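Asks: As you go down the protein sequences, you meet chains A and B in turn. Mapping to this note's numbering: the first sequence position 25 is 25, numbers consecutive. Mapping to this note's numbering: the second sequence position 219 is 219, numbers consecutive.
Rather than coming from a laboratory, the hints here were simulated on the basis of the structure. This one's a predicted model, so the numbers in the text were calculated from it and none came from an experiment. Note that the Cβ used here is the ideal one computed from N, Cα and C, for glycine as well. Do not take every clue at face value.
[Claimed, not checked] Here are the simulated PhoX-like pairs of lysine-lysine, each with C-alpha atoms no more than 20 Å apart in a straight line: (1) A:Lys94 <-> B:Lys327; (2) B:Lys47 <-> B:Lys327; (3) A:Lys80 <-> A:Lys27; (4) A:Lys94 <-> B:Lys33; (5) A:Lys46 <-> A:Lys72; (6) A:Lys71 <-> A:Lys46; (7) A:Lys71 <-> B:Lys41; (8) B:Lys327 <-> B:Lys140; (9) A:Lys72 <-> B:Lys33; (10) A:Lys46 <-> A:Lys94; (11) A:Lys94 <-> A:Lys72; (12) A:Lys46 <-> A:Lys204.
[Unchecked claim] Covered by chain B, according to a simulated footprint, are these stretches of chain A (three or more residues, beta-carbon under 8 Å): (13) 135-146; (14) 189-200.
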Amino acid sequence: MIKIVNATKIYENGSRGVQDVTLTIDKGEFAFIVGSSGSGKSTLIKILLRELDLTEGEVFINNEDITFFGKKEIPFLRRKMGVVFQDFRLLPNKTVYENVSFAMQITDASSREIRRNVPMVLSMVGLQKKSKAYPNQLSGGEQQRCALARAIVNNPPILLCDEPTGNLDPDTAWDIMNLLDEINSRGTTVVMATHAWDIVDAMKKRVIAMKNGFVVRDVERGGYSNDDYA
Amino acid sequence: MTTMPKASKTNTSKITKTPRKKRVSSLRLRNLKYYLGQTIKSLLRNKIMSFASIVTVAACMVMVILSFAATSNVSLFLDYLESSVGITVHIDDNLTEGQLEFLQQQISAAGNVSMARFVSPDEALVDLARVLGDDYGIIKTALEGEENPLRRTFVVELENVRLQRETIETFETFFGIAYIDASTEAAEMLISANNVLAIVGFVVVALFGIFSVVIITNTIKITVNSRRNEIVIMKYVGATDSFIRWPFILEGVLIGIIGGIIPLVATWFAYENLVESMTTSGSGLIYMLVREFPFRTTGEIFPLLIPIILILGAGIGVLGSVSSIRKHLNV
Numbered sequence: 001m002i003k004i005v006n007a008t009k010i011y012e013n014g015s016r017g018v019q020d021v022t023l024t025i026d027k028g029e030f031a032f033i034v035g036s037s038g039s040g041k042s043t044l045i046k047i048l049l050r051e052l053d054l055t056e057g058e059v060f061i062n063n064e065d066i067t068f069f070g071k072k073e074i075p076f077l078r079r080k081m082g083v084v085f086q087d088f089r090l091l092p093n094k095t096v097y098e099n100v101s102f103a104m105q106i107t108d109a110s111s112r113e114i115r116r117n118v119p120m121v122l123s124m125v126g127l128q129k130k131s132k133a134y135p136n137q138l139s140g141g142e143q144q145r146c147a148l149a150r151a152i153v154n155n156p157p158i159l160l161c162d163e164p165t166g167n168l169d170p171d172t173a174w175d176i177m178n179l180l181d182e183i184n185s186r187g188t189t190v191v192m193a194t195h196a197w198d199i200v201d202a203m204k205k206r207v208i209a210m211k212n213g214f215v216v217r218d219v220e221r222g223g224y225s226n227d228d229y230a
Numbered sequence: 001m002t003t004m005p006k007a008s009k010t011n012t013s014k015i016t017k018t019p020r021k022k023r024v025s026s027l028r029l030r031n032l033k034y035y036l037g038q039t040i041k042s043l044l045r046n047k048i049m050s051f052a053s054i055v056t057v058a059a060c061m062v063m064v065i066l067s068f069a070a071t072s073n074v075s076l077f078l079d080y081l082e083s084s085v086g087i088t089v090h091i092d093d094n095l096t097e098g099q100l101e102f103l104q105q106q107i108s109a110a111g112n113v114s115m116a117r118f119v120s121p122d123e124a125l126v127d128l129a130r131v132l133g134d135d136y137g138i139i140k141t142a143l144e145g146e147e148n149p150l151r152r153t154f155v156v157e158l159e160n161v162r163l164q165r166e167t168i169e170t171f172e173t174f175f176g177i178a179y180i181d182a183s184t185e186a187a188e189m190l191i192s193a194n195n196v197l198a199i200v201g202f203v204v205v206a207l208f209g210i211f212s213v214v215i216i217t218n219t220i221k222i223t224v225n226s227r228r229n230e231i232v233i234m235k236y237v238g239a240t241d242s243f244i245r246w247p248f249i250l251e252g253v254l255i256g257i258i259g260g261i262i263p264l265v266a267t268w269f270a271y272e273n274l275v276e277s278m279t280t281s282g283s284g285l286i287y288m289l290v291r292e293f294p295f296r297t298t299g300e301i302f303p304l305l306i307p308i309i310l311i312l313g314a315g316i317g318v319l320g321s322v323s324s325i326r327k328h329l330n331v
């Protein structure tokens, strides 16, 4: 599903985002990317989203080489990936329903499809009663659930999460994790960059640890290690 | 804790490099409602800048309309001059009938002459009477018993009034001409006025065109800035550049078209009233000068102007919006 080969990203200021990273994430996997700030977690997510060009190496999604995807192809690549951020990134002047339906509108979905799918995902994330609320009327957890609904409404095979629980209290964070686990159990590949050691330890999923841009540890059913904070 | 290197997984997937696919995004009817909704919301959200943009475009368009109407009328005046003013060739009194016939042949054969009509002194007197109206009575009394003092003339109509001077020079080489009457100064003044008008019109239109593009660019930039967050999110969820760009382009087009319609309507009524008041009523020198001129009617000018103004307005709008959004799409 996701294959990264000898990927290196050097930013214009000379700092290294990721260095010689090679890894494969299979279809239906749930993988945590852990590491301290600046270790390269977010850079990796941005590389998968093709927000950043690689300095060296190659990236494949679904056996398709996306390394040199141009402006025309990137939007269609992103439709195969849902994305969730720490700061939710909801549109403040749109309701919950509109924030989610908007992700379908851009894919030229028919209004019939929109009317069918949006209530379905809102119900899945438990926001069906808040569909007319605006983001500022929602709690942090609800906002992230709305962002999650937006990320999965087009039924993408891959879900990328960049610190999705970073702004949430522990209970709410677990609500989100349970949802992510449920989405994963339906066959969606989930890649989640996180600092939340308790969640990583408890979930017993694959853990890819990064340090100074390198992948330093890659374990199946792993946890956070003390080295990951260093 | 058991660790398991993932390197082995590399071999489980068959990697192929697929060629890049060409995908074309266009304005889809399904999205048009969404685009228009966004456009209207944006125009209303930035009322002041939208209004300023419309006013600037409207000012530019007024200049275009005025230049067009003025140039169009001056060229009509020239046509009028060419067909009605012409040249009056006064014939030497001593010329015999045979010489007169030869002179007429020479004049008719000269270049740039569409018609040469002989006017006898009696006919000339009748013409004079028509022009002078009541005042003719005084002259008639003065001429009582005297011989008609007017000369025989040829009234020559020109094909092109711009070549009037050259034609006169040719006539001056012919035998039997006492003198030639021609309003050369009026013709030259109109020709140069038309040229100056065309240049001034072009410069003014170009300047206002640039102002309009700049101010529309700024209006759209404000919109783009206020919606930068939205654009980034749209990009993350897979919106194509054209999907993001269309509402902004429509905003520019709408500003351009509204900025075109307002001056079209205003100048339509203003022009109609102006021409009517100049040609049907009033007094004084201007009225005396213009009452005979054939002004272009609104029906002649506006069918041509409407598409020009609307296309120009929409074009300015597109130019302004495309240039302001370009750099924001690199996410």
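Asks: Now look at each hint and say whether the structure bears it out.
Replies: Results of checking the hints against the structure:
| no. | hint | in the structure |
| --- | --- | --- |
| 1 | A:Lys94 <-> B:Lys327 | violated (25 Å) |
| 2 | B:Lys47 <-> B:Lys327 | violated (24 Å) |
| 3 | A:Lys80 <-> A:Lys27 | holds (13 Å) |
| 4 | A:Lys94 <-> B:Lys33 | holds (16 Å) |
| 5 | A:Lys46 <-> A:Lys72 | holds (18 Å) |
| 6 | A:Lys71 <-> A:Lys46 | holds (15 Å) |
| 7 | A:Lys71 <-> B:Lys41 | violated (28 Å) |
| 8 | B:Lys327 <-> B:Lys140 | violated (84 Å) |
| 9 | A:Lys72 <-> B:Lys33 | violated (23 Å) |
| 10 | A:Lys46 <-> A:Lys94 | violated (26 Å) |
| 11 | A:Lys94 <-> A:Lys72 | violated (27 Å) |
| 12 | A:Lys46 <-> A:Lys204 | violated (25 Å) |
| 13 | 135-146 | violated (count 0) |
| 14 | 189-200 | violated (count 0) |
Hint compliance for this structure: hints 1, 2, 7, 8, 9, 10, 11, 12, 13 and 14 are broken, all remaining hints hold.
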